[in-house]
Amino acid sequence: MSSAQLEIQLIASLVALACAIPGTFLVLRKMAMISDAISHSILPGLVVGFFITQDLNSPLLILLAALTGVITVILVEQIQKTGLVKEDTAIGLVFPALFSIGVILIAKNANDVHLDVDAVLLGELAFAPFDRLTISGVDVGPKSLWVIGTILLITIGLLMAFFKELKLSTFDAGLAASLGFSPVAIHYGLMTVSSITTVGAFDAVGAILVVALMIAPAAAAYLLTTDLKKMLGLAMFFGVFSAISGYWLAHWLDASIAGSITTMLGLLFLVIYLFAPSKGLIAVMYREKQQKIEVSLITFLLHLKNHSEASERHINHLSEHINWQKIRAKTVLDLAQKNNMITIDKNQLVSLTDKGDTFTSLAIDYIITNEDAQIEDMKDDFFLFRG
Amino acid sequence: MNEHKTQTEKPVMAVQVDDLTVAYNYKPVLWDIDLEIPEGVLMAIVGPNGAGKSTLIKAILGILKPLAGSVSIYGKPYDKQRDLVAYVPQKGSVDWDFPTTALDVVMMGTYGSLGWIKRPGQKEKKASLEALEKVGMLAFKNRQISQLSGGQQQRIFLARALVQDAAIYFMDEPFQGVDATTEIAIINILKALRKANKTVIVVHHDLQTVPEYFDWVTFLNVKKIATGPVKDIFNDDNLTKTYGINYKVSIQK
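Residue numbers (my numbering), protein chains in the order written: chain S, 1 to 387; chain A, 388 to 640.
The hints are simulated quantities; they were obtained by calculation from the structure and are not laboratory data.
Be a bit skeptical, because a hint or two may be false.
Derived coverage of chain S by chain A (criterion: at least 3 residues anywhere in the stretch with Cβ under 8 Å from a Cβ of chain A; other residues may be distant) [said to hold, decoys possible]:
| id | segment |
| --- | --- |
| 1 | 163-172 |
| 2 | 175-181 |
| 3 | 225-232 |
Even glycine gets a Cβ: it sits at the ideal position worked out from N, Cα and C.
Make a model of the complete structure from these sequences and hints.
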């Protein structure tokens, strides 16, 4: 591995870390689309900043562009506040307007300088090591490494200082306000950090793909944990993992690094979306199937409890009157027998056992008193085998 | 707080609301409210849907900015008296899928006394565990909050208010969506608070239980209709003024 390769991976990883932190809170606040809006609308800020500073890594340019990001959020909120359009519409109105201003500014004034729409949208990580920072003649590394490193340090510092406030205002803005932690200040603080991170990251992955680095790792982490700190940690890990594996994918395919990183993010999310242990698609489908059989079982047991006459308790009654398919009827019967809830005598008559009777009585009580949730807990006490 | 009492015969006022008007998009939801809540009462705020009951609480707590009027807590503005006040919002106002545990939510009640930046430590954790114990939820301290039933979630919110160790408690429909056992558990805690000379103000929907649970009541329907002891003012006249001629229908619901 050459030092340039190492530097590229380091920059990509730092960008991923810097994005995962605000991204986690954006996902929890259901504001993922705002990051999309910010990433587009910082373009005019970048262009104006570039005219003033003539340097894509100047702190002034980053601040100007971040300011445009915050202005976007304010504009969206002001339009939404009028009550005439919904939030998604407001976002859709604001960012194309700002973005197009940026595109026109570039086309009119910056055609012949190192600033084109492609570079801003897609980034060019491969060139990042060429733009070096020299302090009194000594080469101290690529400029963008220093830029994103500084942003990451500030973000981590802010996260550690205001973790409690961020958590509280994200979970319960009303309580935050009544305790004197201004949720508005925290909201705009988060928006400012998101904007600055987006600007700092656009050099590496482009202003558009930065959205993927903010949202995908956090969304994947959300499916895996029920602890905010672990969610932050996982999101950061997923970001770095995708950054490094994406780099080598690009190396292998000889393709765009930013595109490959985003592809890795997409794949990673897809895998977790399908296979996450409790919130994943497959786990949810499995649980629903189990629920369906167990509800059928309770229905059947209730039926047995309500009827003592033989005709209602014959094994064929299940398919004839309760109107269940053969397989479902058999699954329910098997489950009931495995759990010692019923007995079947030689005349094919089904009866509740004592255990089945106790279970059914309790279940009826909970259903009547509207405490269906308790049935789930009760199942743990009665079921030897689940559906 | 008892030294206030020695000076005059008049009871100490925990909360004073003066000419409060709150509007959403310039449409008044609360209209010129004057309200005095004496210290140590267990008060219900009743009124039909859209009467502004939650809005009144939120305006007192500074969550909503009023169009006009002022609020004072023990004679001073709310900003200076935050640590005397605890708030239980409506259960539906937060996202229960948020990745956190029951204990952590209760700990949030200690954030106010900590102030900015400082983190909760052992002392705050102990207070939070004690609050969980009081509401009978200690066994669930490490449960993810989405895995709690509605009644359990409400108790967590109550524990979070208890841990604030305030003088005045505001609760927005604490009995909504809870079962009978939880309702009794909650009302017993509220009665214990009143016994400790705390002031408890509850937005309440079930008119039938007002005389049994509360000793003070405020009728609200955009304007204040009446406020005072339940035994004096909880009558047909005020109910009709608040709910209109068909108030009996809403009792039966």
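Hint numbers contradicted by this structure: When the structure is compared with the hints, none of them turns out to be violated.
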